[in-house]
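Chains Z and L, in that order, are what the protein sequence lines are.
Residues 1 to 158 (this note's numbering) make up the first sequence, in order.
Residues 1 to 161 (this note's numbering) make up the second sequence, in order.
Calculated from the structure, these hints are not laboratory results.
Nothing here was measured: the structure is a model prediction, and the numbers come from that model.
Think of the CB as a built atom: it goes at the ideal place given N, C-alpha and C, for glycine as much as any other residue.
Incorrect hints may appear among the rest.
[Said to hold, decoys possible] Straight-line alpha carbon distances no greater than 30 Å define the calculated DSBU-like cross-link-like pairs of lysine-lysine that follow: (1) L:Lys-116 <-> L:Lys-135; (2) Z:Lys-85 <-> L:Lys-54; (3) Z:Lys-85 <-> L:Lys-116; (4) Z:Lys-134 <-> Z:Lys-65; (5) L:Lys-116 <-> L:Lys-54; (6) L:Lys-135 <-> Z:Lys-134; (7) L:Lys-135 <-> L:Lys-54; (8) Z:Lys-134 <-> L:Lys-116; (9) Z:Lys-65 <-> L:Lys-135.
[As the list claims (entries may be wrong)] Far from chain Z, some chain L residues (derived; all Cβ distances over 10 Å): (10) Phe-37; (11) Leu-81; (12) Tyr-146; (13) Ser-150.
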Amino acid sequence: MTILESLEASFIADWLIDSLYAYPIMLTCHGIGMSIVIGILIIFNLRLLGFFNNIEIAVFNALLKLAWAGFIINFISGCVLFTQKASSFIENWAFLVKIAGVTIATVITIISHRQLAQQAEAWGSQNSIASSAKILALASLCLWSVVIIAGRVVGYLE
Amino acid sequence: MESLIAWFESSPTHSWMIEHNWITLVLEVIHFFGLCFLLGGLLIIDLRMIGWFKSISVKAIHALLPIVVFGFVLNLVSGVLFVFYDPARYLINIGFQIKMILVFLAGLNAIFYYWKIHPNIQQWSENDRFPVFAKVVAAISLLLWYGVLSCGRFIPYVGTG
């Protein structure tokens, strides 16, 4: 556990502890990032599943870039928040479920984004979306939901 | 303020929640889902009005309003229940008080939107020329709601009153 201990002794962890508002500021960034990533992905996946049909599917190429910007905010703020409680988080099953969920959901989102980039025009002109894309959309919605739920449980287990 | 806290604490809703305190976890989950619906939808709508994502038609983007309203209702209900659960914690908390002021201002901003912008949106979107005040209303909406989110996150870390 020496890596975890050295993380907790790092200047980042010191900053979070010493500065009165550093921790809630990081939590706020993590909340804003979540609303961007998951907010946009919920709408994208619902669109793949047949909702909001009057929004052109190709538009999500641009919207997903914004979602990835939110992902970067959350990756950085998440790593910073992790340093302060590294050794307790790593033993927290909800935290582990959350990280597993984020990992799988991210892979699915990358695949969905690629499918979209390649097939948006075809989907748009035929007005139908491949069923493989719909299955991924459903899986993505479930996994990001698991991430939100597990993230809330983390605090209850501390 | 004390009588208001006492009123919440003497309510049957409060006693039920104290006896079943797992409900706070369920409400937190609902509050976070609501946040994603509300802010995810608003982000796209407001950025479009400001001038991003011009390939989306303004009319199509307004199909997202129901998801925004749905998120708001989820958060209104779960938020009111948080106050029932622990009124002494929230009502005197400066983070909560500022959050409620910002929600109120966001409400006024939404009323202004329905009054001055929504009736003209069809016309403005035809040549894609939004007046500056429409863009300002969209920017204020985003600022206020991210302010609401930030204040909520600060509630456990700031003092009371």
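So, going through the hints one by one against the coordinates:
1. The straight-line distance between the Cα atoms of Lys-116 of chain L and Lys-135 of chain L is roughly 12 Å, inside the 30 Å bound, and the hint therefore holds.
2. Of the pairs offered as hints, the one joining Lys-85 of chain Z and Lys-54 of chain L is violated, with about 43 Å between alpha carbons and a cut-off of 30 Å exceeded.
3. Distance hint between Lys-85 of chain Z and Lys-116 of chain L is unfulfilled; the C-alpha atoms sit about 49 Å from each other, more than 30 Å.
4. Under the criterion of a C-alpha separation no larger than 30 Å, the hint pairing Lys-134 of chain Z with Lys-65 of chain Z is consistent with the structure, at around 20 Å.
5. At most 30 Å may separate the alpha-carbon atoms for a hinted pair to count; Lys-116 of chain L and Lys-54 of chain L meet this at roughly 22 Å.
6. For the proposed pair Lys-135 of chain L and Lys-134 of chain Z, the alpha carbon gap of about 35 Å is over 30 Å, so the pair is violated.
7. Under the criterion of a C-alpha separation no larger than 30 Å, the hint pairing Lys-135 of chain L with Lys-54 of chain L is consistent with the structure, at around 14 Å.
8. Note on Lys-134 of chain Z and Lys-116 of chain L: the hinted pairing is violated, with a Cα-Cα distance of about 39 Å set against a maximum of 30 Å.
9. The hinted pair formed by Lys-65 of chain Z and Lys-135 of chain L meets the criterion: a straight-line CA distance of about 22 Å does not exceed 30 Å.
10. The non-interface label for Phe-37 of chain L is inconsistent with chain Z: the shortest C-beta to C-beta separation is roughly 7 Å, within 10 Å.
11. In this structure Leu-81 of chain L is separated from chain Z by more than 10 Å, as the shortest Cβ-Cβ distance comes to about 15 Å.
12. With a closest Cβ-Cβ approach of about 6 Å to chain Z, Tyr-146 of chain L is found to fall inside the 10 Å limit, against its non-interface label.
13. Chain Z draws Ser-150 of chain L into its interface by the beta-carbon criterion, the shortest separation being 5 Å against a cut-off of 10 Å.
Violated hints, listed in ascending order, are 2, 3, 6, 8, 10, 12, 13; each of the other numbered hints is respected by the structure.
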